[in-house]
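With chain V fixed as given, assemble chain S onto it according to the hints.
Chain order of the listed sequences is V and S.
Under my numbering, the first residue of the first sequence is numbered 1, with each subsequent residue one higher.
Under my numbering, the first residue of the second sequence is numbered 1, with each subsequent residue one higher.
If you are wondering where the hints come from, they were derived from the structure by calculation, not from laboratory data.
None of these values were measured; they are calculated from a predicted model.
Quick reminder that beta carbons are idealized off the backbone N, C-alpha and C, glycines included.
Be a bit skeptical, because a hint or two may be false.
To give an idea of the interface, some chain S residues facing chain V are shown, with a C-beta separation under 7 angstroms as derived from the structure [unchecked claim]:
1. R17
2. R84
3. S92
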Amino acid sequence: MSFNIELDAVARHYGSVKAVDGVSFSADAGEVVALVGHNGAGKTTLIKLMLGLARPTSGSVSVLGQDPADGDVTVRRRLGYLPENVSFNPVLTGRETLRFYVQLKGRRPKEADALLERIGLAHAADRRIGTYSKGMRQRLGLAQAMIGKPAVLLLDEPTTGLDPELRQQFYGIVREMQAAGTTVLLSSHALNELEGNAGRVVILDEGRKIADGSLDELRRIARLPTRIRLTSGEGGARRLREWMGEPKGLRQINGHIVEIDATPEYKAAFLRRAAGEGAPFEDLDMVPPGLDELYAHFLAGRASQ
Amino acid sequence: MKTILLLSAKELREGLRNRWVIAATGLLAALALTLVFLGSAPAGTVGAGALDVVVISLASLTIFVVPLIALLISHDAIVGEIERGTMTLLLSYPVRRRQVLLGKFLGHLGILAFATCVGYGLAALALAATDKGIGGESWTAFATMTASSVLLGAVFVAIGYLVSALARDRGTAAGIAIGIWLVFVVIYDMALLGILVADQGHHVSGGALNALLLFNPTDAYRILNLSGSNEIAAASGMAGSVQSVALAPLALIAALAAWVAGPMALAALAFSRREL
Numbered sequence: 001m002s003f004n005i006e007l008d009a010v011a012r013h014y015g016s017v018k019a020v021d022g023v024s025f026s027a028d029a030g031e032v033v034a035l036v037g038h039n040g041a042g043k044t045t046l047i048k049l050m051l052g053l054a055r056p057t058s059g060s061v062s063v064l065g066q067d068p069a070d071g072d073v074t075v076r077r078r079l080g081y082l083p084e085n086v087s088f089n090p091v092l093t094g095r096e097t098l099r100f101y102v103q104l105k106g107r108r109p110k111e112a113d114a115l116l117e118r119i120g121l122a123h124a125a126d127r128r129i130g131t132y133s134k135g136m137r138q139r140l141g142l143a144q145a146m147i148g149k150p151a152v153l154l155l156d157e158p159t160t161g162l163d164p165e166l167r168q169q170f171y172g173i174v175r176e177m178q179a180a181g182t183t184v185l186l187s188s189h190a191l192n193e194l195e196g197n198a199g200r201v202v203i204l205d206e207g208r209k210i211a212d213g214s215l216d217e218l219r220r221i222a223r224l225p226t227r228i229r230l231t232s233g234e235g236g237a238r239r240l241r242e243w244m245g246e247p248k249g250l251r252q253i254n255g256h257i258v259e260i261d262a263t264p265e266y267k268a269a270f271l272r273r274a275a276g277e278g279a280p281f282e283d284l285d286m287v288p289p290g291l292d293e294l295y296a297h298f299l300a301g302r303a304s305q
Numbered sequence: 001m002k003t004i005l006l007l008s009a010k011e012l013r014e015g016l017r018n019r020w021v022i023a024a025t026g027l028l029a030a031l032a033l034t035l036v037f038l039g040s041a042p043a044g045t046v047g048a049g050a051l052d053v054v055v056i057s058l059a060s061l062t063i064f065v066v067p068l069i070a071l072l073i074s075h076d077a078i079v080g081e082i083e084r085g086t087m088t089l090l091l092s093y094p095v096r097r098r099q100v101l102l103g104k105f106l107g108h109l110g111i112l113a114f115a116t117c118v119g120y121g122l123a124a125l126a127l128a129a130t131d132k133g134i135g136g137e138s139w140t141a142f143a144t145m146t147a148s149s150v151l152l153g154a155v156f157v158a159i160g161y162l163v164s165a166l167a168r169d170r171g172t173a174a175g176i177a178i179g180i181w182l183v184f185v186v187i188y189d190m191a192l193l194g195i196l197v198a199d200q201g202h203h204v205s206g207g208a209l210n211a212l213l214l215f216n217p218t219d220a221y222r223i224l225n226l227s228g229s230n231e232i233a234a235a236s237g238m239a240g241s242v243q244s245v246a247l248a249p250l251a252l253i254a255a256l257a258a259w260v261a262g263p264m265a266l267a268a269l270a271f272s273r274r275e276l
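Bound conformation, chain S alone:
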C-alpha cells in the first residue's frame, strides 16, 4: 500500500509540475463559469431553477471534455514510460506491475477529481452568490453530477491505460485514444439513434435499448444526470425517456464502476504480459 501511495504521490507531483492540474482545472472552471453566466438566459421564467440548468448544460459538456482530459493524461502512462526508458528502471525496484498501475490510477484520479471539484465548485459558488433561492434537491443533483463526472473520468483513465498497455508506441496510443473518444462520445449515439429510427420500434425492445445505453459509459452518465430528478428531467426534455428507459441510478453507477474495473483488469493483464 505504501508503494502505491508513493507512486501516486509522484504522479500527482508530476501533474502539478507539468501544469496538467492547472490546465485541466482552468479549462473546467472556465467552461463551468461561462455556462453559469450564459445559463440563466435560456431558463428565463420557465420555472427551472438556475442550478438545474447549470447541471444540465455542464453534464452535456462534461461528456465531451472530461473523457478527453482523462484520455490525454492516461494514454501515455505505460507506453510513454516504456519508450522513455523509465519503466525498466521502475520495475527493477521492489514494485509489482499491478502496484504501478494502481498508483498511477490513484494519482491521475486525484488530478481529475481536483480539477472537477474545483472547476465546477467555483461555478456553483458563483451561482450561489447571485441566487439565494436554490433548493436542496438542486444541490444534490449538482453534487451527483460532480461526483459522477469524476467517475466518468475514472472510466476513461482506465480505458486509456488499457490502450497504453497494448499499444506499440506512443503515437499509436494517442491515435487509438482519439478514436475511442470519438466512438464513445459522438459516433455511438448517432449510430444508436439511426438504428432506433430505422427500426421504428419493431425489433429493438426497451430492454435491449437499456443494455445498449449501459454499453456506453457516457450514456450511462448522461441518463444518470439528466433524468436524476424530476425537475431536471422535465427541464432537459428527458421526462419522456425516463419512463421508457427504466434504469435506476444505482444500476447506472454500477455500470460506470464496471467500466472502471473491467478496463483496469484488462490493462493489468496486458501490462503483466508485456516484455520490456
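Same shape as in the complex, but just chain V:
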C-alpha cells in the first residue's frame, strides 16, 4: 500500500541555500496535513517539489505513485493546486478562466458552472477578474484546484487574505474533500486556524522537519502547560488561593480571578482539588497550549540543540 504523497529524505539546495534539507513524510488518502513554518522555512519549495516544478537535489518525491517531475498526465489530472497569491489574467471573466482550466484537465466545460455555484461566485462569473476582490480571486483559485475531484490537493497559504467567514467556508470545503478521500496538504503560518481543521501538523524550520504529528501528540511531546483560570465572586481570590492550598505558580489576576499554568501531570491533581465539594469558584476556564506556543517551543528546542 503506497501513500498518496511520499517524501523520502528530500533535499533541494539553491547554491548554498538549503531550501529543503532532508525532509521525509507521507500523507494518506483522506488526511489533512498542514505544513507550518515561518516565511522561508521551505513550505513553497516542498510544494513545488511535489508538483514537479522543481527537482530534488537528493532524495525522492512520489505523488500518486509517480515521480511528479515526469509530468505524467494521468497524475496531473488527479492533482489540484492553489498557488500562494494566485493570479489570473484580469481581462478574462471568471467563467472563461475556469472553463479554460476545466478543459485543460480534459473535463466538460459545464463543470466550471457547477464549481462557480459551489464556491459562491456564480453571481460574478461573467465579470472580469480585474474587478474581483482578493477573496473572490482566492475563491476562484480554490475552484480551479477542485476541478475533477482531485485525489491530492496542494494548497499554498490558502487562507491569507480571507476574512473569517470565508475562512470557515474554506475549511468546510476542505472537510468535504477530505471526507471524499482527498489528501489535502496545506501550508500556513496562521497556526490557530488549523486547530480542528488539520489532522496532522508538520513543522518546518530552515528546510528541516522539526516536528510531525497530530496537535494532541505534539502537545504531549512538548509537555506545555495548560492554563487554568478560576473565577469567583467579588473579592473571592484570597479564598480561592487558600482552598487550593497556595500551590506554586498560582497567580492572582485581580480580586476574583486566579490562574495557573499546569503541567500535564499536575493538571489532573489541580482539577480534582478545584472540583471538590464546596469549592469557592463560579467559573473555570482551561486553555490548552495553542499552536503558536507549540511552534515556539519546537523552534526553541531546535535552537538549543
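Same frame as chain V, but now just chain S:
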C-alpha cells in the same frame, strides 16, 4: 493537440481583450492606407503599377513595424507569466512546456496574421476600387508580400520567446527585445554596408554576401519582396542587385522558416530547463 488549441484560443481571446488585435490591425491598416494614397504620387507616369509601388513601400515599412509588434507581444510571454505567478499554476495542469510554447505561438501568430491580412487587405481593396488596371503579377507580388510579412512576424515572435525564456525578469526581456530589433532592423544593414564599402569588393565575395543576407531575417524578407518580380525589382532600384545576389525565393523562404524553427527550438530548450 487539443491542449495546444485550447492554449492558443486563450491567447487569442486575451489578445482581443487587451486590444492588442485592434491596436496592431489599426496601426498596420493606417500605415498601409497612408501609403496607398501617397504612393501614387511618386509613381507618376514612370510605368510602375500602382500596386507595385505599394508593395515596395509597404515591404520597407513592414521591416520596421512588424518585428516590433511581434517582439512586443512575445517578449513577455514566458517571463511575464512566471513573474505574475500564472505559469506555476498552468504547469501544474496536464500540460507539457512544449505545448505551452506552441499554443502561445499559434495564438500570437493568429493575432499577427489577422492584423497583417486585414490591415494590408484594406489598403489593397482601397486601391482596387480606384484603379481597375492592376495586373495579375502585381496581385501575386502583393499576396507574397502579405504572406511573407506574417512569416517575418513569426520569426520575431519566436525570437521574442527565446528572449522571454532566458531573461530573468520582464524588464530585462523588454530591453533585450528592443536591442534585437535595433540590431536586425537598423544596425546590421548599416554595418554590412560599411563593410562592403570599406572592402571595395576585394574579400567579400558574392557567396559571402548571400550568406550574410540570409543571416538577417529582415534582409531575407527584403530581397524576397523587392526583387520578387522584374517589375518591382526595376521600380525599387533592386534590378542591379538581383543579378549579383543570386538568392532564389525558395531559399529565402526556407531561411525565414529556419529563423522560426531555430529560435523556437532554443526557446523550448531554455524553457524546459528553467525552474520556477
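Here is how each hint holds up against the structure:
1. Restraint check, S/R17 versus chain V: the minimum CB separation of about 4 angstroms is within 7 angstroms; hint holds.
2. Restraint check, S/R84 versus chain V: the minimum CB separation of about 5 angstroms is within 7 angstroms; hint holds.
3. Given the 7 angstroms rule on beta carbons, the hint for S/S92 holds: about 4 angstroms separates it from the nearest Cβ of chain V.
Every hint, counting from the list given before, is met by this structure.
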